[in-house]
Each structure stands twice: as C-alpha cells, then as structure tokens.
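Number of protein chains: 2
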Amino acid sequence: MVDKNNYDERTPYQLPFPADAQQEIVIPHAIPEDERHWVPQADNVWFRPLCLNRSQGYWMNLLRVRKSGVLSRHRHPQPVHGFVLKGRWHYLEHDWMAEEGSYVYEPPGETHTLVVPEGVEEMITYFQVNGVMCYVDPWGEILGYEDVFSKIDACKKHYEEVGLGADFVQQFIR
Amino acid sequence: MVDKNNYDERTPYQLPFPADAQQEIVIPHAIPEDERHWVPQADNVWFRPLCLNRSQGYWMNLLRVRKSGVLSRHRHPQPVHGFVLKGRWHYLEHDWMAEEGSYVYEPPGETHTLVVPEGVEEMITYFQVNGVMCYVDPWGEILGYEDVFSKIDACKKHYEEVGLGADFVQQFIR
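Here the protein sequences come in this chain order: A and B. Going by UniProt numbering, the first sequence opens with residue 1, and the numbers climb by one from there. Going by UniProt numbering, the second sequence opens with residue 1, and the numbers climb by one from there.
For the record, the hints were derived by calculation from the structure and aren't laboratory data. Computed from a prediction, not measured in an experiment: that's the story for all the values here. Mixed in with the good hints, there may be bad ones.
Any copy will do: because identical chains look the same in the list, a pair fits if it lies in one copy or spans two.
Below are the DSS-like pairs computed for lysine-lysine, each with C-alpha atoms no more than 30 Å apart in a straight line [claimed, not checked]:
id, residue 1, residue 2
1, K67, K86
2, K86, K157
3, K4, K67
4, K86, K4
5, K4, K157
6, K4, K156
7, K157, K67
8, K156, K67
Here chain A stands alone, though its shape is the one from the complex:
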C-alpha cells in the first residue's frame, strides 16, 4: 500500500474499480489480419466493428471501400466523426477530399453520398456514427436505415456464416 504522504504522478490508482463498470475493449490490430472480421455492407463496402454501443445508440467502426465502391446517399440526424487511415474519399455533395490522415466532423443534418475516386484501390476510415443512418432518395425520402442494432444483427449473421460464430460480436458490444 502506498503511503498517503508519499506518492507521485506515477503512483497508480489504489482502489478497486466500480463494481458495475463495464470491461474495456482493446483491439490490438483494428485493421484486422483475418479477412473474416470485415462484415459486408454493400458492393465493395465493408465495416469492421470496434464498439457497438447499445446503451447510447452509436457505433465505432472501420469502413472499408474498394474501387468503384459507393456508400449510398444517407442522412445523419446526429454527429459523425471520421479519421482517414488509408486512401481517400469524397462526398458528392461537398467540394473537399478526405485524404489519408484527415479528420472530418459531420454535423447533424448532413445528407451525403460517399464515393472513392478512381485510382484508389482501397480506403479505410475510422468512423463514429451516432444514432442512425437514414438511406434516402435524392429528395430525402427515406429508403432504409441502419442503427447499432442492425449493425449487431449484420455482424451476427456474417460471423456465423464465416465460421467465427454469431457470438463473436459480443466482444464489441457495450
């Protein structure tokens, strides 16, 4: 036990963690070495779950898009944060390009269509998506949606199919 009159900034916390605290998630290679960790989402589009937060309704994931991939037009009622790990992409609705090493904040109310430009073999972006993605037609009529629960279901289905087992997704759920 550390002396209360003799500790410094490298003295660890001395008490137990709260009994009701969740477990942390530590994923050493977020870009996975096992191809099966990527969950198919659309043509040439995959996601890799990192945290599927059912208590607050958001998900942290890597989005991977390969050449000619498009993430369909969608609206976000809540903020999204992106950090580009590989390649580059843009939105049909904006003039800028999200290059490797970029950070992007997407405010609530955004409607956009993610496209990977010609010449890019692969892009990978770490995204936090809050609430819901509403897939829409060009005039904003809702065609479908995704939320943390549809993401969890997609993971269960895929991980069962590729032999990891539906329960493989449990490690990402909080």
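Following the hints, position chain B against chain A.
The following block gives chain B in isolation, referenced to the frame of chain A:
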C-alpha cells in the same frame, strides 16, 4: 435537375441542407505540420484540437506524449475512445499495451494513469473524451478537472501566445 424516375446511387442529394445545420470540419493533416497547433498540457504532453463540442460537452483531439511523459491519474465518468496513430502507451492500472493501430474503449468509471514506456520517442493517439477528466489522487480524491471549456480556454491562451491569435480555436468549436 435530376429526373425523379431516372436516378441511381451516384445521384447526389438534390435539396439544400437544413438552414440551421452547422458547418462541417475538415482537417487535412490532423497531425499538424505547424508545431504551433499543438497545445501544451503537461510536461512532455500536448493536445491538438480537432472538434471542441460545446453543445454536447466532449472533445476530439490528438494526444501527443514524448519520452518520459505521463498523463496524470484521472477518472472518466463518461466513455472515452482511443485510436493509436503512432507509438504505444499503457495504463498503470491495466496489463495491456495500446500499440500503434489499436482501438481502445474506456468505459465510464475508469481511473487510470497513461504512461509512455521507455524506448518510445513519441506517441500520438486520437481520443474522444466525453464530459470531463477528473484528475485524482491515488484514492480518488479530485485534484482538478478538464472539460471542453477548459480545453477551449487552453487553446485560446496558447494560440494567442504563439501568434496564431486566440480566434484560431474557433474553427474547431461546434
């Protein structure tokens, strides 16, 4: 104008964005080329703001720690997400090492002390910190805190001192 009976997944959204929507933030080189963008936080510890969200009380930033740097013992009442861009670090209170390319979810209730191990010249991690960081003694007594407002104030002070002007921080605030 696009024909309503003849559009595809690469047809952009056709309507204006909501009048009250915020502007997006796009930061092409999140790891800045201009050293002045790093805001000093403690000995050998700096942060680089990306999004300082005053309406929801969280901040997205890069944390940089150089050799012998320690991010003092602190407690998080809300979730934290980390993605290691460079180097590695660990918490005195856990056995795992956060290596380059790792994702870490820190649940509410965590109390920990971030240390960069010997041999690492520099680590940079992209963190989302929600709510507040409570700096604590080894028994959890609060010694100080940081929130999005203290981060904004630290940025204003630093950017004024290095000649970028206090208003330089405005681009990160939402």
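_Check the structure against each numbered hint from earlier and tell me which ones fail, lowest number first._
Violated hints (numbers, rising): 4, 5 and 6; every other hint is consistent with the structure.
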